[in-house]
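Work the whole structure out from these sequences, hints included.
Order-wise, the sequence lines are chains A and B.
This note's numbering applies: residue 3 is where the first sequence begins, and numbers increase by one.
This note's numbering applies: residue 2 is where the second sequence begins, and numbers increase by one.
Among the clues, some could well be false.
Stated by the list, open to error - Label pairs and their in silico Cβ distance ranges:
| no. | chain 1 | residue 1 | chain 2 | residue 2 | range |
| --- | --- | --- | --- | --- | --- |
| 1 | A | Ala201 | B | Ser158 | 54 to 62 angstroms |
| 2 | B | Ala93 | A | Arg434 | 27 to 35 angstroms |
| 3 | A | Ser306 | B | Ala189 | 39 to 47 angstroms |
To be verified - A few chain A positions that, by computed beta-carbon distances, are all more than 10 angstroms from chain B:
| no. | residue |
| --- | --- |
| 4 | Glu145 |
| 5 | Ile180 |
| 6 | Ile188 |
| 7 | His239 |
| 8 | Lys259 |
| 9 | Gly280 |
| 10 | Thr283 |
| 11 | Ser310 |
| 12 | Asp360 |
| 13 | Ala362 |
| 14 | Ser372 |
| 15 | Leu374 |
| 16 | Ala384 |
| 17 | Gly390 |
| 18 | Ser443 |
Since the hints were derived computationally from the structure, they do not count as laboratory data.
All residues carry an ideal CB built from backbone N, CA and C; glycine is no exception.
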Amino acid sequence: MNISKKNIFHLIFLIFINNISICKAQTRIDYRWLNESLGRVSVSAGIFFDPLLMNEILVQSDNFAVNYCPKNIGLGETNWCMIKLFKSSGVDKMMTDFMKNIVQNRSIYTNNNINIKNSKYDINYWPPLGGEPSLVAVIEVPESLVSKQVSLQGAAGPIVLGKGARYLIVRPGLNTIIFGTGAAAIHQTVAVQARARLALSGTADQIPVRLGRIIPLDLAHCAQRPPPPPVSDKLSHPLYWRASNLRKRESDDVRLKNLAPFATQAGLEVSVAIDGNGVCTERCINGLGIAFVRSIATWRENCSACDSNMFSVIKIGPNTWLDVRVIDLIGQMGEGKLSATAMNLRPSGVISYDQVDDNAELIANVCTTSSLPTPWFAPLKAALCTRGSMGIGFLRPELALRGNQTACGEAKDFIACGVPGGKVEVALSGSRFSIPLADGSYTEIGSSDGQPIDLTSVLFHEVGHWLGVPHSETAGKEAVLDVMSETYDPRRTCISSASVIMLNNATDRRWPYSTKSFTGLRRRMRSR
Amino acid sequence: MKRIWLVWLGLTCAGAMPVAAQHASCPAGEVLDPSADIDAWTLKHRTVVQADFKTEIVNEYCMESSKILSADLSRQDSLRTSDSDINRVRSAVIDEYLDSYANPDRVFRTLGATLRSHLGASGFSRPVPRARGLIHVEYRHVVARVQLRGKDYPPWSRFILLPGRTLFVGLDGARRICRGLIMVRVSAPVKVVC
Chain A
3 MNISKKNIFH
13 LIFLIFINNI
23 SICKAQTRID
33 YRWLNESLGR
43 VSVSAGIFFD
53 PLLMNEILVQ
63 SDNFAVNYCP
73 KNIGLGETNW
83 CMIKLFKSSG
93 VDKMMTDFMK
103 NIVQNRSIYT
113 NNNINIKNSK
123 YDINYWPPLG
133 GEPSLVAVIE
143 VPESLVSKQV
153 SLQGAAGPIV
163 LGKGARYLIV
173 RPGLNTIIFG
183 TGAAAIHQTV
193 AVQARARLAL
203 SGTADQIPVR
213 LGRIIPLDLA
223 HCAQRPPPPP
233 VSDKLSHPLY
243 WRASNLRKRE
253 SDDVRLKNLA
263 PFATQAGLEV
273 SVAIDGNGVC
283 TERCINGLGI
293 AFVRSIATWR
303 ENCSACDSNM
313 FSVIKIGPNT
323 WLDVRVIDLI
333 GQMGEGKLSA
343 TAMNLRPSGV
353 ISYDQVDDNA
363 ELIANVCTTS
373 SLPTPWFAPL
383 KAALCTRGSM
393 GIGFLRPELA
403 LRGNQTACGE
413 AKDFIACGVP
423 GGKVEVALSG
433 SRFSIPLADG
443 SYTEIGSSDG
453 QPIDLTSVLF
463 HEVGHWLGVP
473 HSETAGKEAV
483 LDVMSETYDP
493 RRTCISSASV
503 IMLNNATDRR
513 WPYSTKSFTG
523 LRRRMRSR
Chain B
2 MKRIWLVWLG
12 LTCAGAMPVA
22 AQHASCPAGE
32 VLDPSADIDA
42 WTLKHRTVVQ
52 ADFKTEIVNE
62 YCMESSKILS
72 ADLSRQDSLR
82 TSDSDINRVR
92 SAVIDEYLDS
102 YANPDRVFRT
112 LGATLRSHLG
122 ASGFSRPVPR
132 ARGLIHVEYR
142 HVVARVQLRG
152 KDYPPWSRFI
162 LLPGRTLFVG
172 LDGARRICRG
182 LIMVRVSAPV
192 KVVC
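Written out as structure tokens, the structure reads:
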């Protein structure tokens, strides 16, 4: 073989490059170790993951390892810490605890001492801060289906997970789970929210899903923890206010007396005002409704202090949306299966809505019933039967589509403005807004050359204000910025834990940070 | 962050330090101009703000204040505020505006939006792109002043500059300590070692 000097140079160069890549690989964990561990643990614990979620867990594991083990590994050195941590029996224990914590709705932090080759690794947090895969939901498999093969419906067909599943850890949103194979397979399509747990019935669709159903926003939660409580003056902090402490000692009467009116309001009516003809057509108004209802559904599912019947009827412009559970109750009542005394809604993990303007059977059922002992019936009857204003409710917001000028200032400064009385003005000048439609597509209003602004995110922010949630900066300089931050940011259209805490604090009218009645514009400057 | 090493040079150069602007009033009414607050922020954060940027901030602040004070008060929802309100929030507005300008991780809003929010407007601010870039400077030698585009500045750790090629010169007395052409970009800060 004739080897020229040039070839030798190339050979040396290739060896050098390969060595570098090997050394680099040693500073990161090998995904195969975790994959194998997850495979073993899934079968033995009966807990199966959506494979897409598994990838997220692997990435989080890598982050964990990089933070946990020494970072400065020299060229050519082996990172023994990572090998000990992940290529041993310790990893199986760690992954088992991790998955059990999720399905038991416990914090996903673990506090384990893992013995690996006589070295104790104190895993006191998992995964690292800022990267927790809390955007997962747990589905409980009924006993009758445990022995069947379980698959998840993927875009390219069913993804087989295996047999013996007692729990499925899935991504929030819509999931179709298939038990068994062939014609006898049972399909269950369910909508499930992040960090929620849902038990399947195993006989029919848990929540019937159809096109146009409004479910809470996907990926609505920012994966960050709220800032820690301050060392002193904890009770005056917006997040660590005394409401929760007071409630423990207060009677239910006192607590209910101080419940903010919106938290028990069953019907919500939003009027729409538009400057200029043709700015927002009928289709666009329907889209505004969808964006609104989706925002409301997302806030509502996070409000544990709110009444279960809250906002079960929503009228936006000429259109009415109804909590799916109300639709089910009315259907059962029509079939004579339900007594009128069992009509109050129970707490639910997932809040979803259907538009009911064309549902003749439901409208007939409602309009032929004189009254029901439930808070949602009167607003529903007003919305569907008289087709007029509900005429009730503490919170009666208005959405106004403006050109350049809002009460807060010009469109160059503000996208939207909350004004006294619950009105929200959206400035269309210089912006394009994308609006979701019932068929899953989008329409746009406004004009500009830039990227369109997601109107759902803007309304998500404003609905938060209606419910009393202030800007996330209120929680202090260290606050996690989310959809409630003062400035729109397309990278932060989620709710952080801090805003969820503030939402629940805002249900107590004594909480001093609430954006009550939109008095903001007339308020004098903040004290500093 | 891109790191740029400047070349050490033993040459000489001369120049004068900038003089702090006098505290003045905006042309319209009794609203004080924010020059002193800008100077206080630059000193506190050891960040150089060039004169043209400072003039821009002052002009925009005065213009926005004037707009707020001349708003149609017959509107029920108009911003009812006075010049004393504006003067009271001035320092906090300038601090927040410059803090966010110098922090590329944060979305940035107009001075008008910042001012109105501090006055109580409950609006959802529009994110706007920055017009200037940021350079971080690490000094490895004693540098008494820095020369940029022919003007002298204190040897501070951050500079907010217009984008484009800029000659950065570090001087100690008459002696040039370092010198290099840097490319300022709006998109990402540049680190300079002198």
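Against the structure, the hints:
1. Against the hinted window of 54 to 62 angstroms, the Cβ-Cβ separation of Ala201(A) and Ser158(B) comes to about 58 angstroms, which satisfies the hint.
2. Between Ala93(B) and Arg434(A), the C-beta spacing of about 33 angstroms keeps the proposed range 27 to 35 angstroms intact.
3. Checked against the hint of 39 to 47 angstroms, the pair Ser306(A) and Ala189(B) passes, with Cβ atoms roughly 42 angstroms apart.
4. Every CB of chain B lies more than 10 angstroms from the CB of Glu145(A), the least distance being 49 angstroms, so the non-interface label holds.
5. A cut-off of 10 angstroms between C-beta atoms confirms that Ile180(A) is not in contact with chain B; the least separation is 43 angstroms.
6. Against the 10 angstroms criterion, Ile188(A) stays outside the reach of chain B, whose nearest CB is about 45 angstroms from its own CB.
7. The Cβ of His239(A) lies farther than 10 angstroms from every Cβ of chain B, with a closest approach of about 20 angstroms, so its non-interface assignment holds.
8. Interface exclusion of Lys259(A) from chain B stands, the closest Cβ pair being 28 angstroms apart, more than 10 angstroms.
9. Once the 10 angstroms rule is applied to beta carbons, Gly280(A) is consistent with being away from chain B; the minimum gap is 24 angstroms.
10. Against the 10 angstroms criterion, Thr283(A) stays outside the reach of chain B, whose nearest CB is about 24 angstroms from its own CB.
11. Annotated as non-interface, Ser310(A) keeps its C-beta farther than 10 angstroms from every C-beta of chain B; the closest such distance is 29 angstroms.
12. Distance check for Asp360(A) against chain B: the nearest CB is about 33 angstroms away, which clears 10 angstroms, and the non-interface claim stands.
13. For Ala362(A), the condition that its CB be more than 10 angstroms from all CB atoms of chain B holds, with the nearest at approximately 39 angstroms.
14. With a least CB separation of 41 angstroms from chain B, Ser372(A) remains clear of the 10 angstroms interface cut-off, as annotated.
15. No beta-carbon of chain B comes within 10 angstroms of the beta-carbon of Leu374(A); the shortest separation is about 38 angstroms.
16. Every C-beta of chain B lies more than 10 angstroms from that of Ala384(A), the closest at about 28 angstroms, which supports listing it as non-interface.
17. Interface exclusion of Gly390(A) from chain B stands, the closest Cβ pair being 26 angstroms apart, more than 10 angstroms.
18. Here Ser443(A) stays apart from chain B, with its beta-carbon at least about 25 angstroms from theirs, past the 10 angstroms limit.
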